[in-house]
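Assemble chain B onto chain A, guided by the hints.
Listed in order, the protein sequences are those of chains A and B. The first sequence maps to residues 1 to 330 in this note's numbering. The second sequence maps to residues 331 to 866 in this note's numbering.
It is worth saying that the hints were derived from the structure and are not from the lab. No experiment lies behind these values; they were computed from the predicted model shown. Glycine included, C-beta positions come from ideal geometry on N, C-alpha and C. It is possible that part of the hints are untrue.
Not the full set, but computed from the structure, chain A residues with beta-carbon under 8 Å of chain B [as the list claims (entries may be wrong)]:
id: 1; residue: Trp53
id: 2; residue: Pro57
id: 3; residue: Phe98
id: 4; residue: Phe100
id: 5; residue: Leu201
id: 6; residue: Ala203
id: 7; residue: Tyr270
id: 8; residue: Met274
id: 9; residue: His275
id: 10; residue: Arg285
id: 11; residue: Asn289
id: 12; residue: Met293
id: 13; residue: Lys322
Among the chain B residues that face chain A by a calculated CB cut under 10 Å, a handful are [to be verified]:
id: 14; residue: Asp338
id: 15; residue: Leu340
id: 16; residue: Asn459
id: 17; residue: Thr461
id: 18; residue: Leu481
id: 19; residue: Glu483
id: 20; residue: Arg495
id: 21; residue: His699
id: 22; residue: Glu764
id: 23; residue: Asn793
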Amino acid sequence: MNAILSLFAVIGLALIAFIGVKVAHLEFLFGTAIPYIALAVFLIGVISRVLKWGRTPVPFRIPTTCGQQQSLPWIKQSKLDNPSTGAGVIGRMFLEVFLFRSLFSNTKFELREGPKLAYSSTRWLWLGGLAFHWTFFVVLIRHLRLFTEPVPGFLHSIEALDGFLQVGIPGVLISGVVLLFAATYLFLRRVFIPSVRYISLAADYFPLFLIMGVALSGILMRYVVRVDIVSVKMLTMGLASLSPVVPEGISAIFYVHLFLVSALFAYIPYSKIMHLGGVFLSPTRNLANNSRMVRHINPWNYPVEVHTYEEYENDFREKMKKAGLPVEKE
Amino acid sequence: MAKTPKPDELSKIDYAPPQSAWMDTPAELKEGNWCYGAKPKNLETLHFPNPREWRVQDEDWKLPENWQEIILKGMKDLLDKYRSFRVFMDICVRCGACADKCHFFIGSGDPKNMPVLRAELLRSVYRGNFTKAGKILGKLAGARELTYSVLKEWWYYFFQCTECRRCSVFCPYGIDTAEITMMGRELLNLLGLNTDWISGPAANCYMKGNHLGLEPHTIVGNLEYMLDDIETVTGIKITPTFNRKGAEILFVTPSGDLFADPGTYTCMGYLMLFHELGLDYTWSTYASEGGNFGFFTSNELAKRLNSKIYAEAKRLGVKWILGGECGHMWRVLNQYMDTWNGPADFLQVPKSPITGTVFENAKSTKMVHIAEFTADLIKNGKLKLDKSRNDNLKVTFHDSCNTSRGMGIFEEPRYIINNTCNHFYEMDELTTREKTFCCGSGSGLNAGENMEIRMRGGLPRANAVKDVVDKYGVNMVANICAIDRAVLTASLDYWVPGTGVTGVHELVANALIMKGEQPRTTNLRGMPLPGTEGQE
Chain A
1 MNAILSLFAV IGLALIAFIG VKVAHLEFLF GTAIPYIALA VFLIGVISRV
51 LKWGRTPVPF RIPTTCGQQQ SLPWIKQSKL DNPSTGAGVI GRMFLEVFLF
101 RSLFSNTKFE LREGPKLAYS STRWLWLGGL AFHWTFFVVL IRHLRLFTEP
151 VPGFLHSIEA LDGFLQVGIP GVLISGVVLL FAATYLFLRR VFIPSVRYIS
201 LAADYFPLFL IMGVALSGIL MRYVVRVDIV SVKMLTMGLA SLSPVVPEGI
251 SAIFYVHLFL VSALFAYIPY SKIMHLGGVF LSPTRNLANN SRMVRHINPW
301 NYPVEVHTYE EYENDFREKM KKAGLPVEKE
Chain B
331 MAKTPKPDEL SKIDYAPPQS AWMDTPAELK EGNWCYGAKP KNLETLHFPN
381 PREWRVQDED WKLPENWQEI ILKGMKDLLD KYRSFRVFMD ICVRCGACAD
431 KCHFFIGSGD PKNMPVLRAE LLRSVYRGNF TKAGKILGKL AGARELTYSV
481 LKEWWYYFFQ CTECRRCSVF CPYGIDTAEI TMMGRELLNL LGLNTDWISG
531 PAANCYMKGN HLGLEPHTIV GNLEYMLDDI ETVTGIKITP TFNRKGAEIL
581 FVTPSGDLFA DPGTYTCMGY LMLFHELGLD YTWSTYASEG GNFGFFTSNE
631 LAKRLNSKIY AEAKRLGVKW ILGGECGHMW RVLNQYMDTW NGPADFLQVP
681 KSPITGTVFE NAKSTKMVHI AEFTADLIKN GKLKLDKSRN DNLKVTFHDS
731 CNTSRGMGIF EEPRYIINNT CNHFYEMDEL TTREKTFCCG SGSGLNAGEN
781 MEIRMRGGLP RANAVKDVVD KYGVNMVANI CAIDRAVLTA SLDYWVPGTG
831 VTGVHELVAN ALIMKGEQPR TTNLRGMPLP GTEGQE
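Same shape as in the complex, but just chain A:
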C-alpha cells in the first residue's frame, strides 16, 4: 500500500511536468522557476536542519565501542573501532561514511532444530547500498559538465572512466545504469524481506521511486528519446549564471527529468535522506572513547538532590557503632 501510493505519487509528478510542458507550455516555469525554488528549499532546509542538530548539545560522551579500549601499554588498542584520539575518530568516520564499515560487518541468523541459532556474515545490503550511493555521487558529479564552461578536466576523466565499457552510441555510462539497478535492488528487498516490508513507510518507498524516476528519465534522454544537448546546456548555463533562458525545442522528457530532480532536492530536508548530514553528527560514532582521560563537559549539567553521607549516618549511626564502623559524630 505504502509502495503503491509512493509509486503513484512519483508517476503523478512526472505527469505534471509532462502535461505542464506539452499541453500548457510552461517551459519557463519548469525549466527555471521550479529548479530555483527547489534549490532554495534544499539549501535553506538542509542548513537549518544541520544547524538545529549542531546547536543541540552533546551532554555525554557515548561512542559505541567496537574494539579494545586504550588501556595498559602492552594491550593492543583497536584504534579505529575504539578510538581514543581525534585521528582515530576521523579514521572511523571516514570508513563509515565512504565505505559503510558497520554494514560491512552485517550478519544474519537462522533458527534451526534443537534449537540452534546459526549466524553468518551477509554483505548484500552493504554492496547494494555502496553501489547505490557511489553511483549516485558519480552521476551528480558528472552533471557538473552542464554547469561549467569550459568543462574542467577532471570531469572528462570521470566520464571517460564511467564509459570504460565503450559500447553503444553514445557510449554507455555505467554509473547511471548501476544506480537504476541498485535502487531497484533496494526496492525489491524492501518488498520481499518480510521484516523489512513490515517496517517500511511510504517515506521509504517514495524517495526510492523518485530516484528511480530520475535515473530512468535520464537514461531515456541519453539513449532513447534524444534531446538537443546544446539547447539543454544553454538552459543549464543560464541557470548557473543567474540569467535564465529557455531555448526552443527541448523535448518534454528533459522537463520531466528536471522536475523530478527538483522534487527530490526540495524533499531532502524533510526526509530521511538527511542521513547524509546526520551521519557526521552521530554521537555514537564521532566521539573518542576518552572520557576517563579527559572530562567531557555537559553544558546543561545542573546540581541534583542527593542523599548525603551525613543524612546516611544520621539514619544508621547506632547500627554502625554496634557493628564497629567509624562514625563522624558520636
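Only chain B this time, still in chain A's reference frame:
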C-alpha cells in the same frame, strides 16, 4: 505470576510479521513479559511524580489528566538537550540492518522488538508533533498520535529492551536503541510509570547506599560470612576495613556481589587478592553500590545515585578508586560519572602501589577497573598462580554488553582467565566482543514476574554457550558483571542445564597461591580441587 513455558515450547518462534501494519496492531501486554509497576513508597522516597497504587493489567493506570501534555513537553525538553535523540529521531532510513540483532527479537519473533520498530514507537509520535512532514502528511510520513494505547505500548517495549547497544554496532549511522529506550523511560517516569524492580532498588540505593538495601551492619555481617569461608578454604584470616579514612584506595563493587551465589565467590576473590597484596584499601557502606538502577530510570536519578562514589572518596580522603566486576556500572563510570559529578580533582591519577603502573587511561575519572588492575599485576609477575587448581573447569567468557560496547574491555579479562585456567574456549565470534549478546535481563529486567521474556532474551547467549558446551565440554561461563552472574545462572539453567557461572576474580582466587595458606583441598565453592578428589 504467569507460568513460564518449557524450553521446547519457547523455542518455537514465528518470525513472520502479522498481517496488520504495526501502527494498527495495538500491543497486547502479555503476562510473563512485563514487570510489576512501581510502588508509591519507592517513588515517594525518590521524589518522583505520580506515586500511587497501580496494576499493569488494569485498564486505568491512574495518570494525571494532562498526561499527553506532560509527555510532549518532556519530549521537547529531551530533544533540546540531547543531540543523539534529535539526530536518531531524524535519520533512520529503515534499512533493517538492526532488525535481527536484538536478542529479544531473536527470542520472541515479535516485530516490535526489532530495534528499528522500537525506535519507531517513539519516532512516530515525534513526527506527529514535532515535524512539518508528520503534521501535514500524518500516517503517510510515519506519524501518529500519542494515545493511551501508544503509551502502554511504549511502557511494554521500553521495558523489553536491555539497553545493550548491540543494534548500534550494526547501524550505518550508529543509531543506538539504548539511547532511545533511555529517553522513552525518562518520559514514562514523568508519569510515575516505572517498574518496581527498578524503582525499588533505586530507592534502596538512594537511602541505604546499595540496591539490595543492605544496611551498614549487614554489609559487614555478609562479608564476615565470606571471610569465614575463606578461612576454611585457605586457613587465612582476613580483616578488611570499612569507611576507613586515610586509606589509599576506595573499593566499590555492585552490591549483588555481597549477597548471593555465585557473586559472593567473586567477592571472596577480591578480598583474597587484596589481602595477598597487602593493599591499603577500604570498603564503604555509604557508597556500597557500583551499579546504578537510576541509569535505567532517568539521567537525573542516575546522577543522584552516582554522586555517592566521589563524595565518599572525598570524605575518606583516598587517592583513587578501584571498581569491581560489573557491566552497566562501568558504562556509567566510563561515559557519565566524570561529566555528572566530576571533576575529581581531590583524587590522584591512579597508580598501582604494587607494580607502580600509572593508569593513564583513567587519569581524569581516577577510577580503575579491577580487570585492568589484576591484568597489570599478572603481567608484572606479582601473583603466584596455580592454574591447575581450575583444571576441573572448561571456561568460556561472556563479554558483558556495557563493558563491551560502552567501554571496550576485551583483552584484560581474557588475559586473566588465560593465566588462571588451562582450559579456555571462545564462543562463536559473531556472538562475542562488540557483537556479544546480552544475558537477556540487563537494564533492570531481572525480575521474577517477567521470566518468559527473560528466557526468550537469554536464548541467543545461552545458545552460543550450548555450542561450546557441545563442542568442548565447557562447564563454566566466566564474566565480569554482577547482573550476568545472577541472570545467566537462571537462563543457563533453563537452556543449558549444568553449566556454571563465575566471576573472573573467583578464578583468580582459586588459582592464587597465598602466603601462609594451608594446602587447599577445595575451591571457594567447597568443591574438591582437581587431584584431591576422594582424599580425606
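Exercise for review: With a cut-off of 10 Å on the beta carbons, see whether Glu483 of chain B makes it to chain A.
Suggested key: 15 Å, violated
Check your understanding: Does the interface hint hold: is Asn459 of chain B within less than 10 Å of chain A, judged Cβ to Cβ?
Key -> Given a least distance of 15 Å, the restraint on Asn459 of chain B is violated.
**Study point:** Interface restraint verdict for Met274 of chain A against chain B (beta-carbon cut-off 8 Å)
**Key:** For Met274 of chain A, the interface hint holds, since the closest Cβ of chain B sits about 6 Å away, which is under 8 Å.
Review point. Going by Cβ atoms only, is Lys322 of chain A closer than 8 Å to chain B?
Key: Where the cut-off is 8 Å and the nearest Cβ of chain B is about 6 Å from Lys322 of chain A, the hint holds.
**Study point:** Hint status (Cβ of Asn793 of chain B to nearest Cβ of chain A, threshold 10 Å)
**Key:** 5 Å, holds
Review point. Is the interface hint for Pro57 of chain A satisfied, with its Cβ closer than 8 Å to some Cβ of chain B?
Key: Hint on Pro57 of chain A: holds, closest Cβ of chain B at ~6 Å, below 8 Å.
Check your understanding: Hey, does the Arg495 of chain B contact hint survive, CB to chain A under 10 Å?
Key -> 6 Å, holds
Review point. At a threshold of 10 Å, is the proposed contact between Glu764 of chain B and chain A supported by beta-carbon distances?
Key: Interface hint status for Glu764 of chain B: holds (4 Å vs cutoff 10 Å).
Review point. Does the interface hint hold: is Leu340 of chain B within less than 10 Å of chain A, judged Cβ to Cβ?
Key: 9 Å, holds
Check your understanding: Against chain B, with CB atoms and a cut of 8 Å, does the hint on Phe100 of chain A hold up?
Key -> Holds, about 6 Å.
Exercise for review: Closer than 10 Å between Cβ atoms is the bar; does Thr461 of chain B clear it against chain A? Give me holds or violated.
Suggested key: 7 Å, holds
**Study point:** Interface hint status, Tyr270 of chain A versus chain B (Cβ within 8 Å)
**Key:** 5 Å, holds
Taken one by one, the earlier hints fail for this structure at numbers 3, 16, 18, 19, listed in ascending order.
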